[in-house]
Each structure stands twice: as C-alpha cells, then as structure tokens.
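Chains as they are written, first to last, in the numbering used here: chain A, 23 to 142; chain B, 104 to 233.
Hints should not be assumed to be uniformly reliable.
With the C-beta cut set under 7 Å, the calculated list includes, among others, these residues of chain A facing chain B [to be verified]: (1) Tyr57; (2) Glu110; (3) Ser114; (4) Val121.
With the C-beta cut set under 8 Å, the calculated list includes, among others, these residues of chain A facing chain B [as the list claims (entries may be wrong)]: (5) Met23; (6) Gly65; (7) Gly95.
Simulated from the structure, these hints should not be mistaken for laboratory data.
These figures come from a predicted structure and were not determined experimentally.
The C-beta atom is built at its ideal place from N, Cα and C for all residues, glycine as well.
If you want the building blocks of each chain, they are given just below.
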Amino acid sequence: MSLLHLVLSVLCALVALRLVYLIVRDRQLDDPTFYALLALEAGLVVQLVVGIVRLSGPHAGVNVAAYVGYLLGALVILPVGFVWAAAEKSRSGTGVLLVAVIVLPVLFLRLHDLWEATRG
Amino acid sequence: MAERTNRRFGRILVFVYGLFALAATARSLVQLATQYHLAPAAYWVSLFSGIVYCVATWALATNRRRVAIAAVAVELAGVLVIGTLSQPDDVDRSTVWSTYGNGYGYVPLVLPFVGLWWLWRTGRLSSSTP
C-alpha cells in the first residue's frame, strides 16, 4: 500500500503542477491532464481493492469503519470535483480540480496512520 | 442583482465546503456507530457540525444567500466555541471543530471567514453595479 500511495502522491503532485500551469495561463483542461486524472481515479480503485484485501487479513487495532470511510471517500472526490468544475469554464473550474488533487495525499496519510494503529 | 455565490471563486469555495460536509458527516456517523459509549455528547456535536457544513454547501451551491449567511455564522460560532472548550489531547472526544480544527490544518477556522467574506463580496456588487 505504501508503494501505491507513493506512486499516487507523485501523480497527484504532477497533476497539481499541471493544473497550476493551466490556471496561470488561463487555459482549459486538456486531454493529457484529463487522462492523468483518469489514471489517478483508477489508482484509487486499486487502493480500495488493496485496502479491502488488507482488512481480510489480521488488522487488530484498526478502526475499520474509518478506514473503509476514507477508502470510499477518496473515490468520490475526483468525479464530484470534475462534474462540479465542468460547469465553470474558467480558472476557478480548474481550481476545483487543484483542490481535489491536493486533498487526496492528505487522505493517503490518514489511511496510513489508521493502519499503523495496528502496531500501536 | 447580486452576483451568484456559486460562480468564479465560489466554485472552489463550494467544493471545499462539500469536502468538509463529507468529512464531518462521515466522521460523526462512524463515531456514533462504532464508539458511541466513549463520548456521546462530542459525537452529537460532530454530527451537528456535519449538518451545518451540508447546509452551508447546499446554500452556497444554490445561491441561497440568507441560508448561507446563517449556516456560515453558526459554523463560525461553532468552531470558536468548540475550539475554545476542547482539550487538545482528548482524541476520543474530537470533532472537526476541536482545538479550532487543528486536525484539519485549521481550515475549519479559516473557512467561515472566507465564506462570510465571499457572501459580503458577492452581495455588495448589487449596490455598486446599476
């Protein structure tokens, strides 16, 4: 899971930089960035699967409800953000996506902390 | 005619409010469902904060200015009161508003001020533009 989170965090950072560039240049979302967002969402689906597989193993001390909550919550952020941003063809629409990709790594950290409770 | 609260910067603001609506509501439901006996009062406060964020998100997203002002004002009072009353090390009783939202990068403390500023700014244009 740590490797997956590392890869996803790097992808989030790259997409965030790209979005900042688009905002500064006042450009619309382009295809490469859209595909990167799709890849990110696919990675979040993998995260959900890996997380559930992990929970089927030993997980004493983990707050399961919160863990599953973060796994599911992470899935909805990009699609909701994308739909909400789509109706605003301006810098602010791109800004919505920027907020979304900044929030995701925070969720990865929370998931990590929740899982580390097994060792505490 | 005042500027709509869900356009331009408001687009981002509504999204951030939505994230907190999700975070606070989901958190309170998990707390109420799995550890109710630990601190029921704190978890009801937690649920209340979630509802306030939901109302604020909905009102800002649908340009309901009066409801939005009321919800954001309650949110500001909530984070100040709960932030002052809460104990930093009392993790089991924590809500989104505890210790002024330090578990959420203090965004819960800043958000109501930004919300009120945006409502004031979008409303003010009504008098300046004929």
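Need the list of violated hint numbers for this structure, in ascending order. Numbers 1, 5 and 6, in rising order.
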